[in-house]
Amino acid sequence: MNDKLTRLAPNGGCAAKIGPGTLARVLRDLHFTKNDRLIVGTETSDDAGAYLLNDDTVLLQTVDFFPPMVDDPYTFGQIAAVNALSDVYAMGGKPLTVLNIVCFPQNEPGDMLREILRGGASKIEEAGAVVAGGHSIDDPVPKYGLAVTGIVTPDRLRVNSAAKPGDRLILTKPVGTGILTSAIRGGICPPEAEQAAIKSMTTLNAKAAQILEDYEVHAVTDVTGFSLGGHSIELASGSGVTAVIDTKSVPLLPDIIPLAQMGIVPGGAYRNRDFFASRYYDDTTEDSVLMMDLMFDPQTSGGLLISVADHDADAMISRMKRELATDCAIVGRIEEAGDVSLIFI
Amino acid sequence: MNTVNALGLACPTPVIMAKKEIEEHPGEAVTVLVDNEVARHNLEKLAASLGMSAAASGQEPNIAVLIVPPDSDEAVRAGQTECELMPASAMSDDYVVFFGKDIVGEGDRELGTNLVRMFFYSLTETDKLPTAIMFMNAGVKLPTLDDQVVEHLKVLASRGVRILSCGACLDFYKLKDQLKVGEVSNMYEIAQTIINSPKEVTL
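Sequence lines, in order, name chains A and B.
Residues in the first sequence are numbered consecutively from 533, following this note's numbering.
Residues in the second sequence are numbered consecutively from 11, following this note's numbering.
Derived from the structure by calculation, the hints contain no laboratory data.
A hint or two may mislead.
[To be verified] Only part of the chain A face toward chain B is listed, based on derived beta-carbon distances under 7 Å: (1) Ala679; (2) Gly718; (3) Leu784; (4) Met794; (5) Val797; (6) Pro798; (7) Gly799.
Glycine included, C-beta positions come from ideal geometry on N, C-alpha and C.
Throw the hints in and build the complete structure from the sequences for me.
Next up, the structure:
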């Protein structure tokens, strides 16, 4: 049980995602059948698929699983479940049923796998969803996650492609989990920083999603492997606008600045920055290399990125600061479309 | 010199191994062998955070990053530019080779093409390798279109020689997606490389 879980996995968490460039090349020539009831499909790189069941109900479906990024199996199970459920919250929905997806080496002790599933179950229960089944594969590199089914009414469906000029951008969790999980794997993460990262990654986005219902919100996405920078670019380009992120206002997990400066930067951060290179402009005046490492750090179970009408932004952020367990902030604004989708200032 | 072999190891292990080596041997230079660009960038950050200089040579999957403390003899040589060339093999008699066209000399084209292939073959047979070979203007046709030259360049690259092709020139000849060896560079880097090398050879 005290065995290091991460020793079995060369890449952990959302840092294990196939790079956006590679994925785009693979998907380029694949054409999926169109269906009028599929109201959110693959085109806008949204968080979950949305299918109009009837006039009152939209079916939301999403799947997410990855190798461990922390050593404690119970914690890993919690993080993987929270991360998978997050996509439904980002669409404005409520998760109903989940299926466990498990890859695990048969020759490893079974109690480790049981702890992973127990951790996942604790968060599924907290989300008010139920486990309807699952599937397991014998695999040398452990992986765990969920396929999640949720519902939402059509008027409450939150897409990532309807941000409007004048909106403010709110982020509901700090960034830096990619850097910190790399440091954890390397055995050099300060304990307080590790605890802060785990607390952030195991916090459901349910509360944030519930709060935003009370305000004029135009677009929502959750920040995961493609980083705050990458997901901001997808939100802005899908909406036909330009996002401006004030890098100094982005909430950060503890110790990520000295760790990034000494070179604990995951490969995913470099892949994200390269892939999105032509779609953002870096107008920061100091520590530009460091800032870009932080802005493109791949997140595991990150927060919601919310594009809210300017007149509601202050009220929403003060309520979130009171009610959320995670560090949240107004991190930028939406402008009319310019030459690039994202400007860092 | 101390060497850390981090080939085949993913982030963050190469950085942690290098840091440990540096802390155990304060004031000494260390060469870290890695197989990917991410590790190279991260080692350069590590060096900067410790007030040391880093110089990388070679390319994926054989990259050597030399990290030297300030005020050492090596630092004087390695620290002049942000990304100077410093293969562990050839510390003295450093030279670079510049190709501004795709043949050797003036005159008959066929002869010039044969000479250029023979030149690169001869380089692979010599002990005294250049630190870098740079291609500009029609020279960029060599690392893209000439299969024989490409083979020789690959041998040289595997032995730590940097192969730099001018990006604007590749664009001009529409060859950017056909580069078969080495990296895309720019005028600034090529100029710096020539200026910082004791000797430049142009054919």
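Each hint tested on the structure:
1. Ala679: violated, 28 Å
2. Gly718: holds, 4 Å
3. Leu784: Hint on Leu784 of chain A: violated, closest Cβ of chain B at ~17 Å, above 7 Å.
4. Met794: holds, 4 Å
5. Val797: This hint holds: Val797 of chain A lies near chain B, its Cβ roughly 6 Å from the closest one there, short of 7 Å.
6. Pro798: holds, 6 Å
7. Gly799: Nearest chain B Cβ about 4 Å off; hint holds.
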